[in-house]
Every structure is written in structure tokens, then in C-alpha cells.
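There are 2 protein chains.
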Amino acid sequence: MLKNNLIMQKHIFLVVICFLLTGKMIGQQKIMGFTAANTVKQFEWETQFDAQLNPKNLDTWMQYMTSHPHHVGSTQDRANAEYMLALFQSWGFEAKIETFNVLFPTPKTRVLELLGDKPFKAKLEESALKADKTSGQKSEQLPSYNAYSADGNVTAELVFVNRGVPADYEELERMGIDVKGKIVIAKYGGSWRGIKPKVAAEHGAIGCIMYSDPADDGYVQGDVYPEGPFRPQDGVQRGSVMDMPVYPGDPLTPDVGSAPTAKRLNIKDAITLMKIPVLPISYEDALPFLKSMGGVVAPPSWRGGLPITYHVGPSRNKVHLQLSFNWDIKPINDVIATLKGSEYPDEWIIRGNHHDGWVNGASDPVSGLVAELEEARSIGELAKKGFRPRRTMVYCAWDGEEPGLLGSTEWVEQHQEELKQKAVAYINTDGNGRGFIGASGSHTLETFFNEIADSVMDPQMHISIKDRLYAKTMVDADNSNRIKMQGNKHIKLEALGAGSDYSPFFQHLGINCMDIGFGGEDNDGQYHSIYDSYALFTRFKDPGFAYGVTLSKTAGRVMMRMANADIIPIDFNTFYKTLNDYSNDVKTLLDNTRAGSETQNKMLQDNLFSLAKDPKKVYILPEEKDIVPFLNFSSLDNALAGLKSASEAFQKLYEKSTQLSLEKQEQLNAILYKAERSLLLNQGLPRRSWYKHQIYAPGYYTGYGVKTLPGIREGIEERHWKEAQEYIEVVAKTVVGYNHEILSAMELLK
Amino acid sequence: MLKNNLIMQKHIFLVVICFLLTGKMIGQQKIMGFTAANTVKQFEWETQFDAQLNPKNLDTWMQYMTSHPHHVGSTQDRANAEYMLALFQSWGFEAKIETFNVLFPTPKTRVLELLGDKPFKAKLEESALKADKTSGQKSEQLPSYNAYSADGNVTAELVFVNRGVPADYEELERMGIDVKGKIVIAKYGGSWRGIKPKVAAEHGAIGCIMYSDPADDGYVQGDVYPEGPFRPQDGVQRGSVMDMPVYPGDPLTPDVGSAPTAKRLNIKDAITLMKIPVLPISYEDALPFLKSMGGVVAPPSWRGGLPITYHVGPSRNKVHLQLSFNWDIKPINDVIATLKGSEYPDEWIIRGNHHDGWVNGASDPVSGLVAELEEARSIGELAKKGFRPRRTMVYCAWDGEEPGLLGSTEWVEQHQEELKQKAVAYINTDGNGRGFIGASGSHTLETFFNEIADSVMDPQMHISIKDRLYAKTMVDADNSNRIKMQGNKHIKLEALGAGSDYSPFFQHLGINCMDIGFGGEDNDGQYHSIYDSYALFTRFKDPGFAYGVTLSKTAGRVMMRMANADIIPIDFNTFYKTLNDYSNDVKTLLDNTRAGSETQNKMLQDNLFSLAKDPKKVYILPEEKDIVPFLNFSSLDNALAGLKSASEAFQKLYEKSTQLSLEKQEQLNAILYKAERSLLLNQGLPRRSWYKHQIYAPGYYTGYGVKTLPGIREGIEERHWKEAQEYIEVVAKTVVGYNHEILSAMELLK
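Residue numbers (the numbering used here), protein chains in the order written: chain X, 1 to 750; chain A, 1 to 750.
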């Protein structure tokens, strides 16, 4: 007891020291968008907010919510929604479950076999492990499959297509290999998984197998589960192959919420369903298929970590793939919890993380979800102590993210008119682990977020999360980059693609968004497998939930500052600088494409490809490329020049904005938070009108991976020169429109 | 028959066309160092020389010489020497066998075992294969071992040290792992093999195992033998671990030829013998040892292609390594064949390739040797038709290259006084295969060699070997390099390190050297194994010996042009440009070292390494680095400025040199071919006086890999700042001395 008392005294002493240090820091700090007086108040709330956070809650909730598989339509999925509903209500939120009905296929038949003299039938089954209790819940688990794969029964030769992205098919063409009428086998990784069967089908393949190579998340990366956190030989990555780069959400109700009464497409008319049968397998199952390959040795960068020589194929024997699905409509349950704003109830700050998992889903998504819950609980506690957010806070737990952002997309589509008016920002998380802060989002929020990253402490090193990220970046950099980066701690936000539930908010409605999380010291190989469990998470990913609580602190600050700011913390100038970089990027891309095409054409004329080739190997010459025109960027350059001067001028005046009358502040805020909307264009992007944001979109051929200035960039990449030119004008006009918003904001400040 | 006749007619037609084309080319060409009249004559001889070459001879000779293992001291080794002696004599050469007696240890005991509860004893045996007859000659084969390993009987834990180079030990230090008193296991590759046990011993290791990882030359690279050419699971790379970067040749007779009467060191005083026991093993044998490793997961770049998680160790159980050797003196048989020069008999053009192999040695070395023999035979034929080289041609077949350049080094040391006077150039080959020309050498010979590369045709593509290399380089380059290189076909000679028998000629005596060979379409994994056989070579490496004959054409031209030139084809300006690049390299190295050290020290002061580290892993901070001084390069800069103007002025006058009187030509030639000698310094390099060349040396810690300006460069790399400064002065004085040679050559031209 004595010893404990001594420790306690030491602790109190440390807390006092910390408080004094923090107090000093606070004295020097300002918060963007807050008056000096409100800054002080805000810091006080944040200190209380932090003090109330308790990692044990995260642990308790994760244990419950991951105790059984909780995919769309499962008992535990509904139970979790009700569990959270009760929690939110107990914390003083107005909460409800909003249900949508969506197409969610589950497997009926799964057969994959190698025919011929050494037949092999794939196991398609992950082993239950003693060390991981929930892995044995066989009757409740969804088997390994790809949601929205086509039904099919195909028999054909197999071809290994590396990652299965367009560049791989160009290499196959050089090798003289055609996948028409064949089944392809692709390694997971290098693109979003849905791209692989989509591109395979475009090239005439009739089936697709995807497997997790041990080089990517198996034994090559580290010890496999249960010794270590990496993928064991029969671990499988489930996942959706819906064509989300066209539109996410229920395939049968594009653009509208899939309420019970919504008009639905016929399944055959749903263009986001995969055209061919697709099945994910383990590396144990993949091995006999890859061993059966004939043909040439795969190029060096295609080879994985299995103890074989990787060949491109075709396979010596045929492969049989048979898949059929229950094409059912299932309910999804979004939990929506609201804490009404005291001053601006019609300005909403929205927070979300999905709650459905592919199986037990501890890391993905529950680790992020429990941080969100604890954040909400602590805000609820503050509210009981008198804290009222000036703006309305909306805490959401989405269902059906895994099959295709179903819960968020349907909710956004259902409430789109209201959201266009009221949504100030949407803050997303989706899983969390030990390590370093990672943040993407609207670049107008970069300055705001950097302030927050300064004020949240890393739980292992007791320095700010920004300082720790800087240390890591410096240590990992090579010498020349170290010299360049020295002293520059500023966190550049990544651009948002389409990996999680921010997508409908951001790309469909133009709501300011952020996506944040910690990681880098939590690597594992259980993504979308039965081993993404509470047991694994608490051993390897974030033992003690120290980073879970740190995420609560980080996202909680984003929410509370956004909710309480006198003036919405928008920095147009950071956005201008980022946009200007993107503009330079696409110009460089065009120049490099031109130079590369010209050089290759010259090399073809000089016959260099024929002369360099190994005459013992097949090599099909590339075709001559069309001439890359010079495009007219003047409209965009002029628009950017305007944005530069307007954004610089505005940010100079921004500090004064808290001195405006409350009425004018409200007018200004409306302009500020809606400015991002003016970056949308109703016609959307080429061939995918659902994506309306002209600055950021998921890549048509990369999936999750973002393409900035997508209309221009993909026009150049796909060699649609006319389209690229058109979208230069479109973006220029969009930027001019955005400029008008800044100018009208300035009017208020004069 | 009719069909054949038609084909024959077509062939004749093609030959006529080719002759006309070639005739036209010749009409436009000049040969460096030849008068116009002698150019025409020379081309005629070369045309005849080419026409006489017959790939069947290469096949016949390789079959005989690889029919049994022919390592130092074997029956076949002596038989091959006598076989070649008879051949050279039959072609009209004065030929003899020169014998030296050298220390050549062979294994008596080889035991490697893993102790503990799952004991394993390494097989240390390569399997005989039905598809490869000579692989079954078990009683004649040297077992797999490393020559000049220490005797030893050690038992200790095992640590995995990646490639076993100094940088790997720095990483181990960061991981908190010490190899003192341990046995290390290293992957082959990434340095010359002798570096690995040397560096291990410097760090206190008591034993060393080296293995061939399948990622480097096994199944990861392609199908294994006998299906494909890559290393099967029990294939082992033999090889020497003599400390050749200190001096090559017989360890007991440094600096002098090991004639029977030579004074020999005691074995204990021979500093080039390895200090610890070393054993090479297969990946099959390596697997249980690597599986037994505990400790942290190896860094990504350390991991190989075995289906395991690579750990750094130490091993969970101890390893027992026991080696003992017969420390015998064995005879080596150099074959030396001379065709006396008609005009300048005391100016020697020397050609060599070794004849000893580790086992049957078809690729290494016989494929290059038979090309040399055919070259000599065709020159012998020409001599019978009236061709007499103006200078003496010396054709050599070295013994004992594999254990440590024994045959060449002892011969060079034995005849050093005569060679210093008479040797104009030494042209080396060491194996050959299908593909592209590769050439290294004295940079004064670069212009000369480029002319030759223009005039030899690639046997597969029927364009010049230079054009084909250009095509390959362009096709393999990325876009930005393609743009840079477009149209530039000039072949830049690589700098010579110490991989073969040129080393004593070049680095010890300062004789102009070249090393040439073809390859790149002949990759395999049988280096120094029992599978480097006639069977494998003729299936995979150079079927039909088309590139063997092309090597005869290339090296034959080098020899004949060098032997017949009116003026030795030296280009001082190419050497200047290269040297200037090297000077810039070491300046950049110094600046980068300074910037890197300063940045790292600043990062240490800022505590970044501690803050970035994963607290769950051991990470030992690097120590603060000493300050990198600015060095005074002015003497070198001034010397280079002098070399620039002198070399430019000389090359302008060079064309006129064929108009000099014969007496003056002879004086000029003596200056030209001896100029390289003035780049030597008798004191040699720091800590290795045998290496006297101040511009090129094998790296003290890389082995084969060259270090240019070694005194300066290694001074900087090893942070011996004073030594680096001293060697700047040394190199500057050396360059000034070299300049004097150019100026005295110019005197003759005025």
C-alpha cells in the first residue's frame, strides 16, 4: 500500500507539472476561428474532455461488438446497432436507427478446382485457431467471397496477371498473351480489388481469382498468426468488387436513398455489379494453381513470396470456377445520434465510422468506432456539465460500408437536400492502431488540422502527434530528403479517394471532409479475414487502446472546435497552393506523356525494340502512339491567379472576422462552409455522373487511389485529348465560381 | 535438292549484298592509329580472320576440357594445359607451360549441424542429375568449400547478417545485436564473397556460413536445373575467400613469382588467409538454420526467397561448424604461346583467359577460353598466309584463377621487369554467353574500343554489337533516361576492379588493360557448382557458340589492331574526361557525407531517432558523427586543368602522328603505351602496398567492386580525413607526372 501511495503522489506531482506546462502552451496558443476569450474556454473544455476519456470503455465495447460476426444482415449487426443506440441515448444524444434495404448477395455455391492428371480442389476455408476463440464461430461466419461477383460456371485455362491493373495487360500484350476466354489469377494489392475483375472482364476474361501473396501480408512480412500478426496460409481477404468508381451504395438505387419505398433497378440493369465470377483465395489454395502454370517466367516485379518460379501461363490444365449467390435484399442499420447546437442548430458537424465488419471486424472497423463512441460519451459528459456545442453535432455509425459504402451513401442520398444546406463538415474514421497520425481531407482544413496535431500528445512518447510524425518522417527519409525536410513539421493533408464513408459526403455533395487515424506500428495481415479479432487486436494492434483514446482526442478536437468556432476555420490559401500543385502535376504529366510517346515512336522507327529483344522469347512490339497535343491551360492559369490573390487577401482579413457582428458572422460562416460545394459540377465526371467533385475523385482504374483534377488527369492518362481540354475549361470555370464565393466572403469583411 | 539449291542461291545473293555494304562501310572508316593504306590492309586481314572462325572448334574444345573436373592440381587441369600447348604449337605459336607452386588447401573435414531438440546435419552435397552426365563424377569433384578458409571447430549461436557487408553490421548495431563469439550466416551476393567472413571476423564472429538464396539465383529467378538454368535446391557456390583486396596470388609469395626456388612465408604469416572457418551451403541446407532463428524479423531488404519469415537471430539452438583442410602446395600450369612481332618484337600484346574451373567449369572459364583459342588459331592461319603482326602477340591460358588469380599473378610477378618494359596491353576474357557486349578497361582505350564495337556484328540481329547494346540500353531505360540517352551510342568503358586475371597487369604494373565478354541473355544459377557443365552451357548459355565466335571477332580485332597499329591507339582526352568525372564524384561524396553527418547529428540533438522508434522494438541510437572537414582539392583541380589542355592538344595532333618517321613513331609508341605506368605509385594504397594504381582498385570492403580514386574515396568512406587529403595530393602529383608523359609525346609531334 505504501508503495502505491508513493506512486500516486508522484503521479499527482507529474500531473501538476504537466498542467503548468500545458497552461503555458495554452497561453501562447490561439485557435483558428476563435476569439481570444472563446479560445480560453475551448481549451478548458478540451482539458476536461481529455480527462474523461477511458480506454477501458473502448475495450468493453470492442469485446461486445466483435463477440460474433457482424456483417450486413447478421444478428450481431442489428444487436450492435441497438447497443450503440442505447449508449448514445444514455449519454444524452437524440438517437435513432435509420434502416435502408439494399442488395446484398451471399454465397450459395463456391467451387474452384484444377482439372487434369493432378487434380486439386481449393479448400476455401480458414482454420479455427485455439489461440483465437472467435475464429471458431464457423456457422455464423460469411464464407470467403467477393460481394457483387457475378454468378458463373466457367472452365478454362488460367493466366497470371500480376496485380491485374491496365499496365499489367500491356505487359501481357508484349508477351503475346491474351486472356480472352481465360480465367485470370491476380495478386491482391496494387489497386482496389474491384479493379482487377473489371479490367479482366474488359480484356475478355471469363473468371477471376484473387489471392493474398505471402510477400504482401504473409510470412514474408513477419511471423504469421497466431505467432505473429501476419496472414497464415489459409487466411483469405474477403471484399466487395462492386464497381464503386462509377457509383457506390446500393447498386439498385443510384442517386437516391434506398428507403423501403424507393424505386429499384432490375438487377440486370445495375451497372456496378461485376460482369464475371470472382473468388478470393488463400496462398495455400493459390499454390497448386500457380505451380500448374506453363509459359514464360513472370517479370521480376510480378513475382511473389511463394517458393516457386512464377510463370505467366496459360496453365497446363484447365481450371473450373463455379459460383452462385443468394441475391437478397437485406436491411442495413445506420445509427444516427444528435446533440443539438445551442446557437446554430442548422449547422451540422457530422462524425462517422462504420460498424459492419466482414467477420468479427475488430480492427476494421470497430477500433475506430469505439474511439468515436468514447468521444461521444465524453462530449455527453461535458454537456451534462454545461457544455453546449454552438453547432449541432451528429454522431453516426454506418452499416454496410464493406459491401460498398451502403449505409453512408444511402443516408447521404436520402438526406441530400438537407445536408446541402446544413452540413458544415464530415469527419470520418475507419479503424485505428498504434503509431503515427495519418490525415486526409479538404485542403481548406489543413491549417486548422495542423493546430490540432500540435495539441494532441502521442501516448508513447509524450510529444505532440505532429512532432512524432515529423521524427518518423525524418528518420525514414534518405539523406537528400532529410536535408529538404529539416525543420518543416507541417502536415500536408493527403487527398481523399474513396476508401471509406466520406466519399458520398465529399465527392457527391461537396461537404468539407476529413479522414483520420493512427497506424504504422500495427502492421498485420488479417484484413477482412476471420482473424481480425479482439484477440489479435489487443495483442498486436493497439494493446491498452492508448491510440484509440488518442484518436478520440484528435477527432474530438476537430468536432468540438468545428462546432464551437466563431468563424469556420477555413484556409482558402492552403487550398489554392494545393490546387496549384495539382495543376502543375497535370501539366508535367502531359509533357512527360508527350516526351515518352515521341521517344517511343522514334525507338519504333529505329527498330530498337526488335533489335533489343531476346530472339528466344516472344515479344510483340508496342503500337505507335498518337501525337500528344499541346493543351491550352490559360483559362486554368488565369483562374488560379485569381484564386491566389483572392485567397491571400481573404486569409489576411480572416483574423479580423471574429470582430464582425454575429449576424455577419453567420452570413460569413454560411459562405465558408458551403464554398466546397462550388467545386462540384452537376454533370459529374466523364462516364460517372455520380462523382461531382472536380478536384478529387477515386481513380476509374485505381479504385481507392485518388485522382486529383480527375477530368483533366484521366483525360490525359486515357489519351482523350479533347476531353482533357474540355475539363481544363470545366475546372477553370469551377475555380472562377469558387473565387466568387471568396470574394463575397470578403465583401462581408470590408 | 531443288529447294536447297534455291536457298543456297539466296544465300550467295545475300553474301554479295553484305560484302557490298561492308565494302562501303570500310571505305568510309578509318582505324585509329593506322595510316589509310594500312587501314585497308588491316580490314582485309580482319575479313579473312572472321571467315576462318568456326564455332565447331569451340564446341569440340569445350567438350574435351570440361569432360572432367579441372581444378588446380587435378589430372584434367594438367591435361588441359598440355592439350592447349599442343594446339598452340600446331598453329605455329612458340608455346610452353610455365609452372608455379602455390598454396592450395582442399577440404579434409566438413561438418555443419544444428544442435538442440530438432537436430539437423547439413548434407553438403550436390545431387548427380541424369540430364547432366558430368554432375555424376563424384570421385573427381572438389566438394563444396571456400578455399583459404581457416581450420576450425566452433559451436555457437547463429546470427543472420544479410549480405555481411559493413552497412549490415551498422544495422545490426541499431538492433542491439552483437556477433561477437557467434557464427554468422550471410547471403551470397552484394559483395565479393571474401568480404563476408573478413568483416564477420573483424566484428568478432568465430565462424561464417554463406548460402545461395533462391531470390538471387534460384527458383525466384527462373526454373531450376535441369528444367531451366537456375540453381537447384542443393546447388552450392564454391569459391575463394582469400583476402584479395590486400594482394592476390599465392598467399605465401607476395610480390614475387612462386617459382620452385622462391622464398615462402610461413602459413601463419600469410595475411591473406581467412581468420575464421567459412563454409558455403545450398538453400536446402540453409533452410533449417534460418528457420531456427529467434530474435526480430529481418529488415525488408534482407529477406530472401525462402518460404519463411527471415529473423535476424540469434538462433534458438547452437550451431556446430567443423572444418579442416589439407594445406598442400600444388603446381599450377600457365600456358604461354607467342607469335613474335615482325617489327617490334619487344612490344607485347597479351591476351589471356584462365583455364582452371571449380568443377567442370564450362561457362566459367572455358566458354571464354575456347573463344581465345579460336582467335589464336585463326591468327595462326593468317600467319601461314603471310600475315605477320608487327608487335609480338602473347596468348595465355592461366591456371589457378579461381583460388585467387594465382596463375596470372605469379606469372606477372615473375616477369615483372620484362613486362614493365615490353607489355603494351593485356586483354582479358573470363567466360562468355549469349547477349550484349560488356567492356571494362583503361579509359585511354575507350575510343579505340568503340571503333571495334562498330565493326563487329551481333550474330542474332545482324547489326553492330554497339547498335544492339544501344537498343537494349534504350529499351531498358525509363522515360527520362531514354530522352537523355537518345542517339548516344558511345560505349563508356566500366572501370576495372579485381574480378579476373587483369588485376596484376593493371593494378600492380600499370599495363593498359581491357576485359570483355558477352552476356545478358544467358542468365543462370550454376556459378561455381557441379552444374556449370557442357550440357547446361550448350542448352542455355550460348547454343551453337555464336557469341563465342563473336567474342573471337571482338577480342581478335583488339589484339590485331593493337599489334599492327602504326601508332598505339591511346586517347588521353577520354581518360581526362573520365578522371574529371571521378574527381567530381569524390567531391560530391565528401559534400554528401558532410551534409549527411550534420543532418544526422542535428537529428540526434533533436532526439528524433528516439522519438520515431517503436518502443516495442530494440533500437540503439547511432553515435554522433565527427565533423567532416572541407578538403583542399586545388592541387587536383590544377593537375586536371593541365591534363585537360594537354590531352586536348595531343589528340588534335594525334592524327598526324602516322606521318612521323618510323624512329619517332617508335619513340612515341613507347611513351604512349607506358603512360599508364605513371599512374602507379610504388608505395601503393593505404594498408595494401601491392595495389599501386592510384586511379582504380578493388574496394577494400567490396572486393570485386571497383573504387576509383581509391586513396581519396576510401579515405572519405572510412572517415580518414587526413588520409583523404594526403591522397588528393598523391593523385594530383600522379596526374602531373602523367601530364609530363603527354607533353613529352607532344614534343615528338611538333
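Because the hints were derived from the structure by calculation, they are not lab data. Keep in mind that a hint or two might mislead.
In this list, chains with the same sequence are indistinguishable; a pair is considered to hold if it fits within one copy or across any two.
[Claimed, not checked] Computed cross-link-like contacts, DSSO-like style, restricted to lysine-lysine with a CA-CA straight-line distance of at most 27 Å:
| hint | residue 1 | residue 2 |
| --- | --- | --- |
| 1 | 492 | 472 |
| 2 | 138 | 385 |
| 3 | 422 | 656 |
| 4 | 692 | 41 |
| 5 | 484 | 625 |
Evaluated hints:
no.: 1; hint: 492 <-> 472; verdict: within (15 Å within a copy, 41 Å between copies)
no.: 2; hint: 138 <-> 385; verdict: neither (46 Å within a copy, 88 Å between copies)
no.: 3; hint: 422 <-> 656; verdict: within (25 Å within a copy, 89 Å between copies)
no.: 4; hint: 692 <-> 41; verdict: neither (39 Å within a copy, 77 Å between copies)
no.: 5; hint: 484 <-> 625; verdict: between (38 Å within a copy, 20 Å between copies)
The structure is inconsistent with the numbered hints 2 and 4, although it conforms to all the rest.
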